[in-house]
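Trainee: Chain by chain, the residues:
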Amino acid sequence: MNNTNHGSITQKRRRPSEILLYGLIFLLAAFLAALVVFIIGYILAKGLPAISVQFLTTAENPIEETVGIFPSIVNTLYIVFFALIICVPLGVGGAIYLSEYAKNKKIVGAIQFASETLAGIPSILYGIFGFVFFCVLLNLHVSLLAGVLTLTIMVLPIMMRTTQEALRAVPKSYRDGALGLGATKWYLIRTILLPCSLKGILTGVILSVGRMVSESAALLLVAGGSAMYMPRGSVWEQLSHSGSTLSVELYRYAMSRGDNSTAFGIASVLIIIVALLNLLTRFVAWRLNKR
Amino acid sequence: MTPVKMHTRALNLFYGEVHALKGVDLDMPEQCVTALIGPSGCGKSTFLKTLNRMNDTIASVRISGEVVLDGEDIYAKNVDVTTLRKKAGMVFQSPNPFPMSIYDNIAYGPRIHGEKKRIVLDEIVEQSLRDAAIWDEVKDRLKKPALGLSGGQQQRLCIARSLATKPEVLLMDEPTSALDPISTSKIEELIDELKRDYSIVIVTHNMQQAARISDYTAFFLLGEVVEHNTTGDVFSNPKDRRTEDYITGRFG
Ligand SMILES: Nc1ncnc2c1ncn2[C@@H]1O[C@H](COP(=O)(O)OP(=O)(O)OP(=O)(O)O)[C@@H](O)[C@H]1O
Ligand SMILES: [Mg+2]
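Residue numbers (this note's numbering), protein chains in the order written: chain A, 2 to 292; chain B, 404 to 655.
These are calculated hints, taken from the structure and not from any lab test.
There's no promise every hint is true.
To be verified - Label pairs and their in silico Cβ distance ranges: (1) B/522 - A/103: 54 to 62 Å; (2) A/98 - B/475: 27 to 35 Å; (3) A/120 - B/615: 54 to 62 Å.
Beta carbons: idealized from backbone N, C-alpha and C, even for Gly.
Chain A with its partners taken away, still in its complex shape:
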């Protein structure tokens, strides 16, 4: 009675358009992968020869004409570390407030819109704002601290955004279950929402670190453009001095001095630092998840 012939189910049939699409996607993916490998490989190939113990552990010495980036490495880590310490709790807290507590949907929408706009404006504007507000008005001068605060404002929207997405992705049934057992909102946040959003929050951290490490224009304005001296004194003294990060140095070596081999050396160090920070973040995530 059934006279439609569907053919054997063991016979794989692909329509030509499907094959074409599949091939195209494959090519595209291969191209992207090759591009990434090529860029990183190229930078490392040109940069690694410039890296030596002296390069990594000393400051630049114009008299002996040696190059060293130790101060910039320290400045970079300082800025990233302190900016994260401020913006992670602030961003996560803000996101929790906006998505779990705030009642007035209009205000939430307005804040959302503002933070999206902030995420999109060019970083030099943060630099100018930071200079006028932190360096001049708050009298912090051109310093690492001003850099930390400026970058904090810059990456705060990223932190808030990713945390909010992560909170939104927690299934409603978990909330119902917990509230149904009598959990308060704060208990629900602590025991379910935050653990479930950990991955998203850490994605925010990784994105923020990337943005901070790669920032040059804004930092040139608020944190200064030189790193001639070896770090000394207390943390606080460090923060109140000016100093350049690796990206700022990279920019200076490549643009104003035309010293490409040093620039590639710095680029290689940057890539390695970002990779290490990402690994560290993943490790933290893994440890927290195991608990």
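Given chain A's structure and the hints, the job is docking chain B with the ligands onto it.
Mentor: Positioned in the frame of chain A, the structure of chain B with the ligands alone reads:
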């Protein structure tokens, strides 16, 4: 006549413009099983959720009328929702274990209410899992994630989780709809046991189940209670034509 544990008067609920409950008056007697039956979308789950204020979380919901538990209006201003939900626990329509271990799922409720001692928690976890007829299946993997259980096991886990807070009223939304006949009859036996200490309100689509386990039955239709009586009367001698049609499967 058994004393009434919970009752509602002129209970109306709106989801925005949708009038989901229309003037519901219902008494739920103590240490009895009250079954809620009716076609899909008639407001059974909605009604159940108003009994421990689970509708509070939905912004568009408006409620009028009263819901009274042990003589106190649960929608009064000074009500502590945490205590209310400890007294009136809920098992949801679809199983919703938390993404944590089986043990931590069961201990979740007691921990909310301040229980920290390991020995006490161990005891509660074992007893709740036994009561929900799932202890033998999970006793060797209490530390494993609850999400690794089968759907039916997850539902019994959720029942155990509600029992762990020692509620006085148990609100169950189709607790056996995802279970095989064996676990279903275990849960039914459990309900029969539990009603010695608890007052139970259960939503079910299974007429035989309602007839088997409940003492009172309320028939919902389009947000209204059409008929409410002892289960015997509702099933053998329905007063309303629509109840009879529904029970005998002639519509719905
Ligand atoms: N969160 C909500 N927002 C808006 N309308 C809702 C919401 N929840 C339920 N409703 C509506 O309220 C009515 C009653 O829904 P309810 O879930 O209480 O039905 P039910 O009797 O439990 O059905 P079922 O047997 O299918 O579970 C339906 O018309 C439904 O569309
Ligand atoms: Mg329902």
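Trainee: Does each hint hold? Answer for all of them.
Mentor: A quick look at each hint next to the structure:
| no. | hint | verdict |
| --- | --- | --- |
| 1 | B/522 - A/103: 54 to 62 Å | violated, 42 Å |
| 2 | A/98 - B/475: 27 to 35 Å | holds, 32 Å |
| 3 | A/120 - B/615: 54 to 62 Å | holds, 59 Å |
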